[in-house]
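K.L.:
Sequence lines, in order, name chains L and P. Residues in the first sequence are numbered from 1 upward in steps of one, following this note's numbering. Residues in the second sequence are numbered from 1 upward in steps of one, following this note's numbering.
Heads up, some of the hints might be wrong.
Stated by the list, open to error - If the Cβ cut is set under 10 Å, some of the chain P residues that face chain L in the computed set are:
hint	residue
1	Val75
2	His76
3	Arg80
4	Leu83
5	Phe87
6	Pro90
7	Val91
8	Leu93
9	Gly95
10	Ser97
11	Glu104
12	Met105
13	Ser109
14	Asp113
15	Phe134
16	Lys235
What the hints assert, rightly or not - Derived list of chain L stretches under chain P, where covered just means 3 residues or more per stretch with a C-beta under 8 Å from a C-beta of chain P:
hint	segment
17	370 to 381
18	386 to 395
Because the hints were derived from the structure by calculation, they are not lab data. Predicted, not measured: the structure shown is a model, and the values here were computed from it. No residue lacks a Cβ here, since even glycine has one placed at the ideal position from N, Cα and C.
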Amino acid sequence: MPSFDHDAVSAAGANDAPWRAATRSAAHDAYLATAMPDESEEIWRYIELGFDLDDYGPALEPGVPLDGDPLLEVSHPAVAGRLVDGYWVGDDVEAAGVTVGSLDRSSSTEPELVESVVTGAGLADRRDRFALAATAFGGDGAFVHIPKGTVAPGVIYLETQATKPGSTSFPRIVIAVDEGGEASIVVHFRSRQEDDLTVVPQIVAALGDNANLSVTVVQNWGYATRALGNTNVVVGRDAALRFAEIGLGGKLARLHLDVRLEGRGSSANIVGAYFGDKEQTLDYRYFMRHIGTNTRSDMFLKGAVEDEARSVFTGMIRIENSGQKTEAFQTNRNLILSDGASAQSVPNLEILANDVRCGHGSTLGPLDAGQRYYLMSRGIGEQQADRLQVHGFFEEALLKLPQPEIAGPVREWISNKFVAAQVAGRV
Amino acid sequence: MTDNALQIEGLTAGLGDHQILKGIDLTVPFGEIHALMGPNGSGKSTLAHVLTGHEDYEAAGSALVDGVDILGMSVHERARSGLFHAFQYPVALPGISLEKLTNEMEDASEEGDVETRAIDAAERMRMEPFLDRFVNVGLSGGEKKRSEMYQLAVAAPTVAILDEIDSGLDVDAVRDVAEMVESMRNRQRGVLVITHYNRILRYMTVDRIHVLVDGRIVESGGPEVAERLEAEGYKTR
Ligand SMILES: Nc1ncnc2c1ncn2[C@@H]1O[C@H](COP(=O)(O)OP(=O)(O)OP(=O)(O)O)[C@@H](O)[C@H]1O
Ligand SMILES: [Mg+2]
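Make the full structure from the sequences, and use the hints.
P.N.:
In structure tokens:
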């Protein structure tokens, strides 16, 4: 396995456009000077990383793809592509004016566009070891371009796999939705259950004026995968972002989401559903910045933890001085299904404007005894009653998914996790 | 089949040292509709919950549904043994639609015709707009009672305990509910209607009225009991 050295930087940057080459070596220097983050930093509080990235060298080429993606078919995609260990495999796809393909190729053919998305979304502000490694050692990625006024003909499906035990891969998905464009994207993260590896997935998107973008990430990493992701989105005037992450897999899976509502009248609708079992850690740090006037945001996340699993949700809504007439809400509800499981739910508001409407709610608790009793009074057995309650709990989030077609399998995966915990006698 | 849908004998129940039901004997024969009345806090809902198997209450005595003592059973076994309880305060089930709930009732039941009843009752009771909605979430008081009645029709139980199924209903709805209860009368069923009001009793033929005061049945009789209670109240006793 290669290590995080100059050779790897050169190999990863073999196909770099000039703008990208420039950022690479600076990021490498910063990487070498940056230690693994720890709990003493607020943004890393509540979790233990318990590993060193240096032990997982960069993946510099794609491995052998995994097959049989169960989500692909139900999504009925108009366009489908695949990243393996961070590298686009296959040809670029063009359909109805929409291009989906290799980030490397687009970085050379449309350098200004790609550069403006990547640098405009604030990804460079992430100076932790993982984000720096991604800039220094990330190879290819996927680029989705929805030109001005174009409506993508259906779901764009991006399967994102990590296949190499002992490696770190850096899948990067860059999305440009130009003025008035519309797209719906499903991203499926996968790795084998037994593969001990690290992934630093990054999704970067820019929405032009009046653009509409829906992205749902189904996070299905294997139980031995550590994922430390960033998603950065900039939203233009009267544009609307819908983003959802379904958190199912990973030994440790973290997402740092950073949405900037820059344009006046822009909005973001964020949904989450996550279920941590056994010893999983699921970690969500969501930042919503209201910069433009008349902007609206809503975050709605539901999570459950059982056995020794832990989850973290910290939500930060920041309303800048310029963000007058803003509405911002966040809700995070958690089911704690076992005594050994824990959830942190930390909503924050930072309001610099005076004419705003904000609200936040956060709850933690076990299954409701009153609901269980009522269900059982209808002849439903205790275990089934609890399954129904878990179903109902997540249903409130799943009904808000931008792509209803994937709700079926997602519902089933969540349910399977709870049933497995019941069968093992843990809940 | 025995003669009695429900036969309660020497039933006591309480919370720790606090006794709420102080020895209840009450029988509802098959084919009959009985009413249970009594002042607030006298123990009517407690009786319903003790029969349903609420874990908070310690109960002693016996309660037979068609001759089978249900007191030792878990909540869902009692329901499967033929007991149905329409709650005074129906519980909200966020994220679970009414249709999902009745489907689950069907899966949990050993009989084959639950689905047919669910479809028939949905049409008869004009429940279509409610089937996709979450159970008791955002429903008005009257709508919750209708949802309980619908579940009753789906369950088609041996014993139905309807706790204040008429409270919060408008005049027409009270008549509807009473007629529905009357239409459910049959020789395989006994019904116990818990109520404060004479009104509902006017639209159905109640075979017997029991009066519960402070955890004891103090009187049982015909419709005249309700008339007198309405005129005089419980205090004169
Ligand atoms: N879980 C409980 N915790 C505390 N007190 C209880 C509980 N259940 C019942 N009680 C008490 O037992 C008594 C009987 O209550 P119950 O609800 O059975 O009355 P009720 O006859 O149904 O009254 P209402 O006509 O107001 O519905 C009341 O004093 C009530 O406060
Ligand atoms: Mg009551």
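K.L.:
Hint by hint, which ones does the structure fall short of?
P.N.:
14, 16
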